[in-house]
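J.: Listed below, chain by chain, are the residues.
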Amino acid sequence: MPKTNTYTLSFIALIFLLIICFFLNISLGSVSIPTKEIFNSFLGTIENDNWQYIIQDYRLPKAITAILVGSGLGISGLLMQTLFRNPLAGPFVLGISSGASLGVALVILGSGIFGGVFATLLVSKWTIVIAASLGSFLVLLAVLVVSSKVRDTMAILIIGLMFGSITAAVVSVLSYFSSAEQLQQYIFWGFGSLGNLSWNEVFIFFIIYCLGLLLSIISIKGLNTLLLGENYAKSLGLNIKQSRFIIIIATSLLAGTITAFAGPIAFIGLAIPHITRQVFNTSNHKILLPAVFLFGSIIMLICDSIAQLPTSDYTLPINAITSLIGAPVVIWLLVRKRKMIF
Amino acid sequence: MDKANQHNILKTQNLSIGYKSKKTDSVIASNINIELHKGELIGLVGANGIGKSTLLRTLTNVQNGLNGKIFINSKLLSEYTSGELAKTMSLVLTDPIASKNLSVFELVALGRHPYTNWVGNLSTEDIETVNQSLELTNIEILKHKKCFELSDGQLQKVLIARALAQDTDLIILDEPTTHLDMYHKAYILKLLQKLVKETNKTILFSSHEIDLAIQLCDKMIVMTKNDVITDQPCNLISNGTFNALFPQDLIIFDEQTGSFRVKK
Numbered sequence: 012m013p014k015t016n017t018y019t020l021s022f023i024a025l026i027f028l029l030i031i032c033f034f035l036n037i038s039l040g041s042v043s044i045p046t047k048e049i050f051n052s053f054l055g056t057i058e059n060d061n062w063q064y065i066i067q068d069y070r071l072p073k074a075i076t077a078i079l080v081g082s083g084l085g086i087s088g089l090l091m092q093t094l095f096r097n098p099l100a101g102p103f104v105l106g107i108s109s110g111a112s113l114g115v116a117l118v119i120l121g122s123g124i125f126g127g128v129f130a131t132l133l134v135s136k137w138t139i140v141i142a143a144s145l146g147s148f149l150v151l152l153a154v155l156v157v158s159s160k161v162r163d164t165m166a167i168l169i170i171g172l173m174f175g176s177i178t179a180a181v182v183s184v185l186s187y188f189s190s191a192e193q194l195q196q197y198i199f200w201g202f203g204s205l206g207n208l209s210w211n212e213v214f215i216f217f218i219i220y221c222l223g224l225l226l227s228i229i230s231i232k233g234l235n236t237l238l239l240g241e242n243y244a245k246s247l248g249l250n251i252k253q254s255r256f257i258i259i260i261a262t263s264l265l266a267g268t269i270t271a272f273a274g275p276i277a278f279i280g281l282a283i284p285h286i287t288r289q290v291f292n293t294s295n296h297k298i299l300l301p302a303v304f305l306f307g308s309i310i311m312l313i314c315d316s317i318a319q320l321p322t323s324d325y326t327l328p329i330n331a332i333t334s335l336i337g338a339p340v341v342i343w344l345l346v347r348k349r350k351m352i353f
Numbered sequence: 022m023d024k025a026n027q028h029n030i031l032k033t034q035n036l037s038i039g040y041k042s043k044k045t046d047s048v049i050a051s052n053i054n055i056e057l058h059k060g061e062l063i064g065l066v067g068a069n070g071i072g073k074s075t076l077l078r079t080l081t082n083v084q085n086g087l088n089g090k091i092f093i094n095s096k097l098l099s100e101y102t103s104g105e106l107a108k109t110m111s112l113v114l115t116d117p118i119a120s121k122n123l124s125v126f127e128l129v130a131l132g133r134h135p136y137t138n139w140v141g142n143l144s145t146e147d148i149e150t151v152n153q154s155l156e157l158t159n160i161e162i163l164k165h166k167k168c169f170e171l172s173d174g175q176l177q178k179v180l181i182a183r184a185l186a187q188d189t190d191l192i193i194l195d196e197p198t199t200h201l202d203m204y205h206k207a208y209i210l211k212l213l214q215k216l217v218k219e220t221n222k223t224i225l226f227s228s229h230e231i232d233l234a235i236q237l238c239d240k241m242i243v244m245t246k247n248d249v250i251t252d253q254p255c256n257l258i259s260n261g262t263f264n265a266l267f268p269q270d271l272i273i274f275d276e277q278t279g280s281f282r283v284k285k
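Line by line, the protein sequences give chains A and B. Under the numbering used here, the residues of the first sequence are numbered 12 to 353, in order. Under the numbering used here, the residues of the second sequence are numbered 22 to 285, in order.
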């Protein structure tokens with residue numbers, strides 16, 4: 012497209028902003044470390060071993076997780092909004108987060124029902140990750156099986172929402188029979204968390220994320236064609252069923268692993284594509300996809316820096332911060348431009 | 022027979038259309054024999070519910086025919102892959118465009134989809150074709166406008182330009198004149214006539230503008246309750262075909278003016 016060049020400047024600015032946010036995110040935390048020492052730690056010439064440990068094994072993986080989470084959720088939100096041609100769609104419309112919630116609820120809340128010794132054995136971090144993955148995978152599988160029987164893409168949206176309702180109901184029933192302690196643990200998982208990931212976990216996260224990203228990039232052409240509507244896309248030779256399948260798999264890989272490792276992070280997936288479209292004012296996914304990647308990463312890094320409450324010992328739930336920061340931004344953009352761009 | 026076939030862009034043999042259900046097939050029209058040649062403008066007319074849309078859906082491979090054969094460029098429609106068909110037949114549908122945030126250029130450029138690479142990059146050739154399509158439909162000034170800024174008439178022209186950019190022998194339009202005022206109805210159909218002359222493509226459209234179609238089309242397909250008749254408009258008038266188009270109680274066809282009149 013001829014206007015592509017005009018976006019180059021915005022992209023350079025965004026990449027620059029991303030680098031700044033990345034360093035800002037690493038330099039802020041409950042322990043204040045001088046900026047000079049931060050750079051030293053990257054060069055491996057830092058003297059304070061504690062600082063080295065904090066940066067290398069806590070802040071760096073957390074910042075990388077923030078980038079993966081923000082960009083992954085933004086991209087899967089974009090995919091869903093285009094696939095369903097609905098500005099209200101987000102990465103979780105297919106029931107991925109509700110599936111993960113169900114898996115985690117079964118482990119945390121259900122463990123009480125199965126008995127004490129079993130419970131302590133069950134509730135470790137990896138079991139929660141596995142439970143979340145299994146839960147979202149099973150719900151997604153159910154949605155896919157049912158949706159392969161329907162022709163209409165909109166029906167898939169409704170089916171996803173229905174599965175969400177069912178899992179929410181099961182979680183309610185489980186909560187009713189649980190102890191206060193277990194409930195608290197479950198709610199804490201729901202707050203989301205970017206920290207606490209070891210390098211091994213980040214590595215696994217990264218590999219699955221790359222698979223999802225690859226499938227999204229493959230879908231760019233199909234997504235652009237879908238902007239005309241399904242019948243036009245078909246007349247242009249697009250294999251709708253196949254593209255739909257790839258888009259759904261890409262979304263579930265991205266949103267599924269993110270939910271498994273960082274919990275159900277709200278809002279980012281819905282808001283980032285809108286923020287991006289307001290700034291870039293295009294529907295071309297060749298531009299939107301990298302732009303959403305940058306915006307998602309930047310906003311997630313900022314949200315995480317704020318959630319850390321720098322120099323204090325508290326960490327606010329990331330889930331609350333994303334909405335507190337993100338929602339006013341979207342409202343402000345919509346009011347300023349007076350137009351919903353989709 | 023074979024020689025004649027080569028000039029046929031679209032040909033049907035004893036085609037019957039309708040809907041299949043588990044118990045019985047509901048036939049909407051049968052024994053349809055159409056032959057469309059290169060460089061023809063063809064209007065498809067008929068009363069509401071007579072099966073115009075079903076016929077177009079069948080011809081464009083959206084739904085299957087019940088019986089008979091459809092040939093596009095002498096090859097069975099069912100033997101086309103979706104990619105091949107996209108290079109042979111382009112459509113202008115009544116469906117609204119999903120994203121009105123597309124610019125006119127972007128929308129028309131999507132017509133190049135069957136020819137572009139995996140990520141949809143436009144080659145200089147593609148851009149040239151898109152510009153040509155914009156030129157042919159007189160919408161170069163709209164090039165950088167967004168679709169939500171366009172009037173219905175302008176949008177219709179953009180959609181026609183998109184079909185042109187797809188560079189196919191056959192363009193099929195489903196009711197391109199709905200929602201347009203009298204002037205733009207005439208404008209769009211006149212534009213189609215011009216395109217047929219300048220590009221030598223075959224353009225088939227369904228419409229309720231029978232009087233305009235009579236004046237502009239090379240051929241018309243008239244769907245009545247009992248029959249599907251294809252002929253030149255003047256023959257159709259002299260054969261009294263248009264009288265069978267609607268029930269006789271309210272309007273009658275005036276052969277002198279080539280239009281319908283309300284009974285007094």
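Treat the hints as calculated values from the structure; they're not laboratory data. Bear in mind that the values here come from a model prediction, so they are computed numbers and not experimental data. Idealized CB from N, CA, C, for every residue including glycine. Incorrect hints may appear among the rest.
[To be verified] Chain A is faced by these chain B residues, among others (derived, beta-carbon under 7 angstroms):
(1) Val-48
(2) Ile-49
(3) Gly-60
(4) Gly-72
(5) Ala-107
(6) Thr-115
(7) Asp-116
(8) Ile-118
(9) Ala-119
(10) Leu-131
(11) His-134
(12) Val-140
(13) Ser-144
(14) Thr-145
(15) Leu-237
[What the hints assert, rightly or not] Using 27 angstroms as the maximum straight-line C-alpha spacing, the simulated DSS-like pairs for lysine-lysine come out as follows:
(16) B:Lys-96 to B:Lys-167
(17) B:Lys-59 to B:Lys-44
(18) B:Lys-164 to B:Lys-218
(19) B:Lys-206 to A:Lys-160
(20) A:Lys-245 to B:Lys-90
(21) A:Lys-160 to B:Lys-211
(22) B:Lys-215 to B:Lys-164
(23) A:Lys-245 to B:Lys-284
(24) A:Lys-252 to B:Lys-41
(25) A:Lys-297 to B:Lys-164
(26) B:Lys-211 to A:Lys-252
(27) A:Lys-245 to B:Lys-167
(28) B:Lys-246 to B:Lys-284
(29) A:Lys-297 to B:Lys-215
(30) B:Lys-96 to A:Lys-245
(31) A:Lys-252 to B:Lys-166
(32) B:Lys-108 to A:Lys-297
(33) B:Lys-206 to B:Lys-167
(34) B:Lys-121 to B:Lys-44
(35) A:Lys-297 to B:Lys-121
(36) B:Lys-206 to A:Lys-252
(37) B:Lys-215 to B:Lys-59
(38) B:Lys-166 to B:Lys-41
(39) B:Lys-246 to B:Lys-43
(40) A:Lys-160 to B:Lys-41
J.: Of all the hints given earlier, name the ones this structure violates by number, lowest first.
T.: 1, 2, 3, 4, 6, 13, 14, 15, 16, 17, 19, 21, 23, 26, 29, 31, 34, 36 and 38
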